[in-house]
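**Q** Here is what each chain is made of, one letter per residue.
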Amino acid sequence: MENPQQSQDVRIVRATSAFDCGGRCPLLLHVKDNKIIRIEGDDHPDSDRQLRTCLRCRAYRKYVHHPERLMHPQKRVGAKGEGRFERISWDEALSILSGKLKETKDKFGPESILLMTGGGYLASLHSGSMAAPRLLNQFGGYTTHYGNISSEGAVWASLVQYGSVMVGHSREDMLNSKLIILWGWDPARMISGSNTMHHLLKAKENGAKVISVEPRYTDTAAAVADKWIPIYPGTDTAMMAAMAYVMITENLQDQAFLNKYTIGFDKFKEYILGDEDGQAKTPQWAEAVCGVPAETIADLAREYAAAKPAALMDCQGPARSAMGEQYCRFAATLSAMTGNVGKPGGSACGGLMGIPIGHMFRMSAIPPGKNPVEMTGPKIKGTLDIRDRVIKRIHINKLWEAILEGKAGGFPADVKMAWSMCNNYLNQIGNANKGDKALKKLPFFAVNEIFMTAQARYADLLLPVTTAAERSDLTYAWPSGPYYTFVNRAIEPLGECKSDLEICEMLSDYLGVKDYRLGAKEEDILKHMVDQNPVTSKYVTDFDKFKNDGIHRIELKEPYIAFRKQIEDPENNPFDTPSGKIEIYSQRVADINSPKCPPVPKYIPTFEDRNDPLFEKYPLQLLTPHPRNRVHSEMYKVEWLREAEPHVLWIHPSDAEARGVSNGDDIQAFNDRGRVAVQAFVTQRIKPGVVCMFEGAWYQPDENGVDRGACANTLTKDDYSGGGAAVMNTSLVQVAKA
Amino acid sequence: MQMGFYFDQTRCTGCNACRVACKDWNDVPEGPEAWMQVKYLEQGETPDVFVAYMLQTCFHCESPICAEACPADAITKRPEDGIVLVDRNACLGKEECGAKCLKACPYQAPQFGPEPGAKMGKCVFCTDRLAQGKMPSCVEACYTRALDFGPLDELQKKYGQAVEAPSFKYSKRTKPSVVMNPKNPK
Ligand code: SF4
Ligand code: SF4
Ligand code: SF4
Numbered sequence: 001m002e003n004p005q006q007s008q009d010v011r012i013v014r015a016t017s018a019f020d021c022g023g024r025c026p027l028l029l030h031v032k033d034n035k036i037i038r039i040e041g042d043d044h045p046d047s048d049r050q051l052r053t054c055l056r057c058r059a060y061r062k063y064v065h066h067p068e069r070l071m072h073p074q075k076r077v078g079a080k081g082e083g084r085f086e087r088i089s090w091d092e093a094l095s096i097l098s099g100k101l102k103e104t105k106d107k108f109g110p111e112s113i114l115l116m117t118g119g120g121y122l123a124s125l126h127s128g129s130m131a132a133p134r135l136l137n138q139f140g141g142y143t144t145h146y147g148n149i150s151s152e153g154a155v156w157a158s159l160v161q162y163g164s165v166m167v168g169h170s171r172e173d174m175l176n177s178k179l180i181i182l183w184g185w186d187p188a189r190m191i192s193g194s195n196t197m198h199h200l201l202k203a204k205e206n207g208a209k210v211i212s213v214e215p216r217y218t219d220t221a222a223a224v225a226d227k228w229i230p231i232y233p234g235t236d237t238a239m240m241a242a243m244a245y246v247m248i249t250e251n252l253q254d255q256a257f258l259n260k261y262t263i264g265f266d267k268f269k270e271y272i273l274g275d276e277d278g279q280a281k282t283p284q285w286a287e288a289v290c291g292v293p294a295e296t297i298a299d300l301a302r303e304y305a306a307a308k309p310a311a312l313m314d315c316q317g318p319a320r321s322a323m324g325e326q327y328c329r330f331a332a333t334l335s336a337m338t339g340n341v342g343k344p345g346g347s348a349c350g351g352l353m354g355i356p357i358g359h360m361f362r363m364s365a366i367p368p369g370k371n372p373v374e375m376t377g378p379k380i381k382g383t384l385d386i387r388d389r390v391i392k393r394i395h396i397n398k399l400w401e402a403i404l405e406g407k408a409g410g411f412p413a414d415v416k417m418a419w420s421m422c423n424n425y426l427n428q429i430g431n432a433n434k435g436d437k438a439l440k441k442l443p444f445f446a447v448n449e450i451f452m453t454a455q456a457r458y459a460d461l462l463l464p465v466t467t468a469a470e471r472s473d474l475t476y477a478w479p480s481g482p483y484y485t486f487v488n489r490a491i492e493p494l495g496e497c498k499s500d501l502e503i504c505e506m507l508s509d510y511l512g513v514k515d516y517r518l519g520a521k522e523e524d525i526l527k528h529m530v531d532q533n534p535v536t537s538k539y540v541t542d543f544d545k546f547k548n549d550g551i552h553r554i555e556l557k558e559p560y561i562a563f564r565k566q567i568e569d570p571e572n573n574p575f576d577t578p579s580g581k582i583e584i585y586s587q588r589v590a591d592i593n594s595p596k597c598p599p600v601p602k603y604i605p606t607f608e609d610r611n612d613p614l615f616e617k618y619p620l621q622l623l624t625p626h627p628r629n630r631v632h633s634e635m636y637k638v639e640w641l642r643e644a645e646p647h648v649l650w651i652h653p654s655d656a657e658a659r660g661v662s663n664g665d666d667i668q669a670f671n672d673r674g675r676v677a678v679q680a681f682v683t684q685r686i687k688p689g690v691v692c693m694f695e696g697a698w699y700q701p702d703e704n705g706v707d708r709g710a711c712a713n714t715l716t717k718d719d720y721s722g723g724g725a726a727v728m729n730t731s732l733v734q735v736a737k738a
Numbered sequence: 001m002q003m004g005f006y007f008d009q010t011r012c013t014g015c016n017a018c019r020v021a022c023k024d025w026n027d028v029p030e031g032p033e034a035w036m037q038v039k040y041l042e043q044g045e046t047p048d049v050f051v052a053y054m055l056q057t058c059f060h061c062e063s064p065i066c067a068e069a070c071p072a073d074a075i076t077k078r079p080e081d082g083i084v085l086v087d088r089n090a091c092l093g094k095e096e097c098g099a100k101c102l103k104a105c106p107y108q109a110p111q112f113g114p115e116p117g118a119k120m121g122k123c124v125f126c127t128d129r130l131a132q133g134k135m136p137s138c139v140e141a142c143y144t145r146a147l148d149f150g151p152l153d154e155l156q157k158k159y160g161q162a163v164e165a166p167s168f169k170y171s172k173r174t175k176p177s178v179v180m181n182p183k184n185p186k
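Those sequence lines, one after another, are chains A and B.
Residue numbers 1 to 738, in this note's numbering, belong to the letters of the first sequence in order.
Residue numbers 1 to 186, in this note's numbering, belong to the letters of the second sequence in order.
Just so you know, the hints here were simulated from the structure itself, not pulled from any lab data.
Take these hints with a grain of salt, some might be off.
[Said to hold, decoys possible] Here are the simulated BS3-like cross-link-like pairs (lysine-lysine), alpha carbons at most 27 Å apart as the crow flies: (1) B/LYS134 - A/LYS308; (2) B/LYS186 - A/LYS209; (3) B/LYS39 - A/LYS637; (4) B/LYS103 - A/LYS202; (5) A/LYS204 - B/LYS158; (6) A/LYS227 - B/LYS186; (7) B/LYS134 - A/LYS547; (8) A/LYS204 - B/LYS186; (9) B/LYS186 - B/LYS39; (10) B/LYS134 - A/LYS545; (11) A/LYS392 - A/LYS381; (12) B/LYS175 - A/LYS35; (13) A/LYS441 - A/LYS75; (14) B/LYS172 - A/LYS202.
Please construct the entire structure, taking both the sequences and the accompanying hints into account.
**A** Okay, structure coming up:
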């Protein structure tokens, strides 16, 4: 049989992708004639230790070489949002963009320039999220957004409780657990770091009992869980409160641990026992709220308190909701009550699971400098009060309202133009139909993009960007390494594509910004970044070897355990909180003095929950989790991936039957924000009263406003919780046959 | 010698990495032709649901009924390792012979593209990779290590003799070369 792989002209290039997922899995790209023709995974000699890549990167070449990639600069010729463009030269494109930037700054001030970055491409050098801020800072400033769509609730909770976002254990540590509670965690789908699922399976095979608490029976639960406890979205904290109630009233909590390492347990106890509000948080009370039988709640509380060590794994799905930070704080509190923080086989919770070795949060980047527009105003570093953060910046999930309402609506600026890169926010933040209105109203919109995404269709000016395969870079795993990866450029840029950094460099000439260009070769900059970074420089001592191997693995003698030092030797290692302890009660939060931010974690009813009057009209709660075949909205166009899993809406047979819906039917899901057309997947794998549609499918409204692409965010609310979590999982909808 | 697959159904999460990796290595275009597919089984009622996945590929049967069924003798079993291969040049195309191999195969392994006259394609056990001492692409891709491969007798020694599993019926007539670790409802 013919074997092109053997032929002389095939090069093997070691790289990773840089999608917004937790992988950074090593890839061996087979390249011939400037084309990736095949892909292999990690070739570590020990197959058990290979960092195996998921289906998405297995289809990477179909993404890089997709026929619909943008190849040339273009300007709009049709109406806004219509998606009709004409090819122009780079010179014309950069003249238009620089002209608009100058005109806007001169007429309306730099704050009326909105920069939208983030999400799409996560590496060190070529991510527009550093290049463009650096350029605009030198140019005079801009307005931007605050907050991460996925993790804000978890970050806030971890900072409150622990004073640190590095709350994870390295994956091997799951082998030490007797009980693993998956609470909103589905690593089979969202990866959570290469090999996470493999280690979870090993932990189960090693005898750990696994319980899944979640409105859906996830792929992970189907593979490993001994038991599935279906719960209503947004009510996790009620169930957690009842678990605390059982532990307290049956004296099951690890009081010695609480005394030694935490503050505020007494205040929390007052809330749980009802001394504070007259409502004891009994399992019976919780059952009515969360739909889990009281006995099941009590059993789980007893089991969790007795199993030592036990890992409660909370993740970011439930944290992307109107009670997001409460859920992560509650989980961390239960973990302290059971004495599982800082212990092998335990978990600290906090929803982030990151370890400080090889983590994206510690990666090198081009220094962006300071934004002149943000020089005045409150100091926001370290603040927990979200109100301080939205004086100069716009909350990410309020971008559309900010564009529509401007200063009159209480936002920091009247936006006159926007420039976007590395994101598809029209698709990925709440309320896409409001986004449609905002982008149509926006006087000028420039977009750096790889594909004609839902958002790119609204551009006035389109700048084509290279993929990670067309540039060299450094990537960092998240959340749980531990390894560093080097992206070797596999192919020369296709068409007229350029990286965000190159675009900014060219634009700096048109803007007359001096000293913007980094002035060194790509590889020299990357070497410098490795050498200068305090973490990488410690581990990566041979840059050339790192580059040739494409990966540097860090050999841990034993699993990394969050807060191990703080627990083993508290005198010398206080927690990085004001009290130096785990703060179950937080004075910093009390000082915010907002009912949305109670100083101890609480169950707080939210808008669009089952008690909202809107529930009568829209009686189904919508979940919008990670898809398996895309990274958010990236890779949506790749046919190999689309055929691996069609885009559907999960609905329970009882809810389907009540609506005359059968499996595979064309249906519509809708609420006051919009309407999507999708297929029904009728399944017992979801709690009655809940439906689920994976996020990231591209928004595609037809002439009647029905979203034929079935973007989940056509239905979600554009709002945030008390701690700043974007509320993607707090939406009520109705479903009907199409 | 007979090559075969091992499938640990208890580890499979239905992720489809095997399917995509197979398409990538063997350059199978987008569309319905997929030499490796993942079937879905769901039973029971909330919250006692049972979900299992099953691979649908060619199991390189000891008695490949597909070869017998092919009027053009396009399908042969390699004597040295029992791998069943199709000669796409000899294949008559799906309309002309009526996809007799597909009708005969108990596992729907033979695949056809959507184009008229599409020739049969199916799992080739990544023979080019085997020749280089590598794992088949699907096996290398499986991030849960639910897949293994090797001489059938070695697989049996390592993993036992189980051949039945939910969503899979062992055909006594064709004798597929596979060892299963079945996932059974609790
Ligand atoms: S599985 Fe089907 S196609 Fe493969 S050898 Fe057996 S009968 Fe033939
Ligand atoms: S062995 Fe090769 S050809 Fe066969 S299913 Fe696996 S990847 Fe595809
Ligand atoms: S790659 Fe492995 S886990 Fe994924 S569907 Fe295939 S066999 Fe199952």
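**Q** For every hint, state whether the structure bears it out.
**A** A quick look at each hint next to the structure:
1. For the given pair, B/LYS134 sits about 42 Å from A/LYS308 by alpha-carbon distance, which is inconsistent with the 27 Å threshold.
2. At most 27 Å may separate the alpha-carbon atoms for a hinted pair to count; B/LYS186 and A/LYS209 meet this at roughly 14 Å.
3. Between B/LYS39 and A/LYS637, the direct Cα distance comes to roughly 23 Å. Compliance with the 27 Å bound is thereby established for this hinted pair.
4. With a CA separation close to 40 Å, the supplied pair B/LYS103 and A/LYS202 exceeds the 27 Å bound.
5. For the hint pairing A/LYS204 with B/LYS158, the CA-to-CA distance comes to about 21 Å; that is within 27 Å, so the pair holds.
6. Between A/LYS227 and B/LYS186 the alpha-carbon distance is near 10 Å, which keeps this suggested pair within the 27 Å criterion.
7. Under the criterion of a C-alpha separation no larger than 27 Å, the hint pairing B/LYS134 with A/LYS547 is consistent with the structure, at around 24 Å.
8. This hinted pair checks out: A/LYS204 and B/LYS186 have alpha carbons roughly 15 Å apart, not beyond 27 Å.
9. A distance of roughly 20 Å separates the Cα atoms of B/LYS186 and B/LYS39; the hinted pair therefore holds under the 27 Å criterion.
10. Restraint check: the Cα-Cα separation between B/LYS134 and A/LYS545 comes to about 24 Å, which is no more than 27 Å; the hinted pair holds.
11. Straight-line distance between C-alpha atoms of A/LYS392 and A/LYS381 comes to about 13 Å, which keeps the hinted pair within the 27 Å bound.
12. Using a Cα cut-off of 27 Å, the hinted pair B/LYS175 and A/LYS35 is violated, with the two alpha carbons roughly 41 Å apart.
13. Distance restraint check for A/LYS441 and A/LYS75: the Cα-Cα separation of roughly 17 Å lies within the 27 Å cut-off, and the hinted pair is therefore satisfied.
14. Using a Cα cut-off of 27 Å, the hinted pair B/LYS172 and A/LYS202 is violated, with the two alpha carbons roughly 34 Å apart.
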